[in-house]
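Put together the whole structure using the sequences plus the hints.
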Amino acid sequence: MEDSWYIRPYEKTDEETLFAMMEKEADWSGYCFGEGRRKYELALETSLTYLLFEDKKICGYARCREDDGFGIYIYDLLVDANCRGKNYGRYLMEQVCKDFPKQIVYVMSDVDPYYEKQGYQKEGTIFIVQPQ
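Residue 163, in our numbering, is where the sequence shown stops; the numbers in between run on with no holes.
These are calculated hints, taken from the structure and not from any lab test. One thing to keep in mind: the hints can contain errors.
Quick list of simulated restraints, FRET-style, between CB atoms [said to hold, decoys possible]:
#1 LYS70 / GLU154: 26 to 32 Å
#2 SER35 / GLY155: 36 to 42 Å
#3 ILE135 / ASP86: 31 to 37 Å
#4 LYS133 / GLY65: 37 to 43 Å
Positions of the beta carbon are idealized from the N, C-alpha and C atoms, including for glycine.
And the structure:
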């Protein structure tokens, strides 16, 4: 079945299924348990979050924020390991572009090679600022 996937906004009822997908990724455990989970639940509710489904299973998501007309920032992008290689990450980012056609979409990345492979233009660098 060719088009068995679709994208829709996150709903609170998706929470358990989304976290179950995230828990499978070692790098995402800080978001999934204890205080990290409580903070991330709030982040999901206050962000623009898109879910990609294949049939009725969550296969990926993108969490972003709109900066008052100065751009859209994608903070998180994750595709389930069993669903990779189907362009689902690209489709999620393209959905953000479709929903905000007059704004630049930026990605907050810690996996630059993925975005470079997609042909996205690298602009700038992110630094962590800590008081001295």
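How the hints compare with the structure:
Taken as a hint, the range 26 to 32 Å holds for the pair LYS70 and GLU154, whose Cβ atoms sit roughly 28 Å apart. Our hint of 36 to 42 Å for SER35 and GLY155 holds, since their Cβ atoms are close to 37 Å apart. Look at ILE135 against ASP86: about 33 Å separates their beta carbons, and that is inside 31 to 37 Å. At roughly 40 Å, the beta carbons of LYS133 and GLY65 sit within the given window of 37 to 43 Å.
Every hint from the earlier list agrees with this structure, and none is contradicted.
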